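Engineer: Here is how the chains run, residue by residue.
2 protein chains.
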Amino acid sequence: MSEQNVSFQELVRECALIGTSAAVLGWDQETYMPEDASGFRAEQLSWLSAQAHQRATSPQWADALEAAVQSCDEKDLAERANLFEMKRRYELATKLPVELVAREAKVSSHAKRAWMEARKENDFAKFLPHLAELVEIAREKAERWGYTDEPYDALLSCHERGATTAMLSGLFDTLRPQLSGIARAAVERSRDRARPLPAGPYPLAQQMILNEKIARDIGYSFAAGRIDTTTHPFCTTLGPCDVRLTTRYDESDFCSSLFGVLHEAGHGMYEQGLPGDRPGMAAGDAVSLGIHESQSRLWENHVGRSRAFWEKWYPQAVSLFPQLQTFSLDDFMSHVHQANFSLIRVESDEATYDLHIMLRFLLEKKIFRSELALADLPAAWNELFVELFGMTPPDDAHGCLQDIHWSMGAFGYFPTYTLGNLHASQLIHAARQDSTIRDGMDSAQYGPLLAWLRENIHRHGALWDPAELIRRATGSEPEAQYHLAHLSSRYVGV
Amino acid sequence: MSEQNVSFQELVRECALIGTSAAVLGWDQETYMPEDASGFRAEQLSWLSAQAHQRATSPQWADALEAAVQSCDEKDLAERANLFEMKRRYELATKLPVELVAREAKVSSHAKRAWMEARKENDFAKFLPHLAELVEIAREKAERWGYTDEPYDALLSCHERGATTAMLSGLFDTLRPQLSGIARAAVERSRDRARPLPAGPYPLAQQMILNEKIARDIGYSFAAGRIDTTTHPFCTTLGPCDVRLTTRYDESDFCSSLFGVLHEAGHGMYEQGLPGDRPGMAAGDAVSLGIHESQSRLWENHVGRSRAFWEKWYPQAVSLFPQLQTFSLDDFMSHVHQANFSLIRVESDEATYDLHIMLRFLLEKKIFRSELALADLPAAWNELFVELFGMTPPDDAHGCLQDIHWSMGAFGYFPTYTLGNLHASQLIHAARQDSTIRDGMDSAQYGPLLAWLRENIHRHGALWDPAELIRRATGSEPEAQYHLAHLSSRYVGV
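Chains as they are written, first to last, in my numbering: chain W, -3 to 490; chain G, -3 to 490.
Read the hints as simulated data drawn from the structure, not as lab findings. Among the hints, erroneous ones may be present.
The list cannot tell twin chains apart, which means a pair is met if one copy fits it or any two copies do.
Restricting the straight-line Cα-Cα distance to at most 25 Å, the calculated cross-link-like pairs of lysine to any residue (SDA-like) are [said to hold, decoys possible]: (1) Lys209 with Ile400; (2) Lys102 with Glu10; (3) Lys209 with Asp224; (4) Lys308 with Gly142; (5) Lys361 with Glu132; (6) Lys361 with Gly142; (7) Lys209 with Glu31; (8) Lys122 with Lys362; (9) Lys209 with Thr226; (10) Lys102 with Glu6.
Given the structure is predicted, the values throughout are model-derived calculations rather than measurements.
Same shape as in the complex, but just chain W:
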């Protein structure tokens, strides 16, 4: 390795040290920090973030990167892919003028407050001017970053490398006709079958025991991780061997914390499976939100909501929670497969979730194609909601004001949730072609499945575009059919 290359390595490693130090402070802020510390903590985090940003956007960084590119062996395709992605990130970071970044930070900070008020008072008009400004900033970002077909592509691609409006439109066009039907059938069947879970309390200490046992069993490493408690569950990486999860507990329903843990452990095992030897490099980094979500959904839904999984674990749950003794495994599976049309995305289930995303994608697409005036957003939301769910939101607080994302200027983010679901189904379909993996899953032994994910997804870091990663892992383009087949088989029984 040439001297220049070492020097880029060193710069990147330093940035990773800074970024992960900030992650420790961020984790502490959400878990254990005493309340009066928040003001100073914000200052600490802002200092660290400025240090990392300064370095990663400096001319020194660009020069070292360029030198690394020049001295990279032509035949070392992985390293070329690594440096190519590092260059893309540098450009994403430097193509935006400092004033624009500062303006966005300021506007979104005001917008978040305005959104909270607007939602509370059910008054879209209060949020509208802020939203308009954020859309305008997003448009300017798209222009600065550049795109081939349309501005929305640039916004999609900053969350999901290589994703385009055309690609997502294709996927949602395939999903739309069948998904509504599946969802409706699932809701009807669930209405007939589902029995409420026996009353709590499901003691927290017992929930923790079960969650930890299961997380360990599916392959999440506690030598390089832990589970804590927060209001909003998350997974965060504090270093190459330090990937932590959180969940929240509901004494009346142990499934709430458990499925939270399965979801976050999916994220966590992806992070634990990334190459740890070059922190901060694309080669050692997660590639996209969609691929990340594919891992969480895979463990939460394909594994965690499967009958084979519960054939192993339900007896243990019954011994921890005696009130389950009168609730059969069949009863429990109906509970786990409950489907309902919900007004609120975050409360929705596996069968109906992607309808919520579809709605947001269609609206965002129209906004950035200038086919929808922001003032008309509430009406457009409600109209589409009726089409997809057969009911009208009672107000905007339960409609277009429900999500935090737009108040943060995060346009093009929602579709990554559905990409996660589609990829998860496609990956599971491909993995199950291997009889060892299939037999393992059918007896709730997930070693072979995790090994396959490590080999086909985790170890590649961010070297290839998500679509290419899926292609290499499954042999076909990202497609919607696998997910439709999965939902149909689980929720409609065909």
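Got chain W sorted already, so can you dock chain G onto it with the hints?
Structural biologist: Positioned in the frame of chain W, the structure of chain G alone reads:
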């Protein structure tokens, strides 16, 4: 405030942000960090520490400090004291050449391993060459820092600003004749009276309830702090409103965690009482180890081992731990006032503790006066131990190899423990001249006492030398008589 002054403020604040960020990572390392993360955590901490060190020893720092001194109002005595101390710290940090600092780090890292082996194998010879090198380095540091009377002064003063060999010799000379007598009487009385605490288990969850209740009651703020569990109890400051304690639990003795909490809460309330508006400045910093220890000992011993305290809290302990029902308050007070001659400093009690420190002070003084060859240290230790305790250590592992301090090159550190005890007794004596404080203490209400400490100790940060701080707070020089009187009254009953 002039522009230069603002700029020094900014540099100092930045350094405080870095130092406290490192403190967050350090706290996490001791409390919750998963085991595999330790290698990368060391890199994160080393980056942060280098950033802080670079800044605090840079010419820019010196220039800004000088500018601040030049523009400081002559009449602003507090600010002059603040800048004077910042200058002293800058000099302490910059008077040592980089090579010496690097050499010390390397030598002490080897020495620590050698000491652990030597202690394990009871083989002083293994540690001797490392100790010799560390003493040589300490001598060089003393020469570089400078001193008036003798090299040991410089080492004392780096832990305890302004402390000298002469001053400490005076204090220990007063202590020595009476302390041995008090200790012997205390041990004898304790042998007659002490009854063992009823058998455990004292459940951890109940211990935590009692500890938190008491810590809150004496004035430790949980809005700016918390208590976690570690092998070695400590107190650490993560920001102006974030001062955390740890303790360890023993299911067979609830006193172990409780006195740990009282001790650390004493440190914690001092930190919580420091001015929080200028983090990193001497004005907002603890002044010395001795003053810090005076606060921890005050709450642990003067408050926590007093009968008034337990008249309030013992009934609550009994209701949490039913096995105490047959153990009277008198029994319990005898347990709390147990005194024994121990070979090991960290296992010793209030009545005998300072004898252990005296021994170390006398030996260190001889070493740095070149009156004691290091090879003769074990014999000298044992000889003095017989004089002070009336018994001979069975081996060096229970003698001169027992403490970690020398293996870290921390010479001149031990005396701060006794300074803490002396100051605590002197402060309590002065505070109790106020009838509100006295009445409060006698009914286990500590608001007035804490207010007095805030006013007379905490709020002054590191503006004045420890001895000056004691003089201002109590009206007299640091003296040993108050501590002798306290021990005598508690342990000999006169």
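Engineer: Where does the structure disagree with the numbered hints, that is, which hint numbers, in rising order?
Structural biologist: 1 and 4
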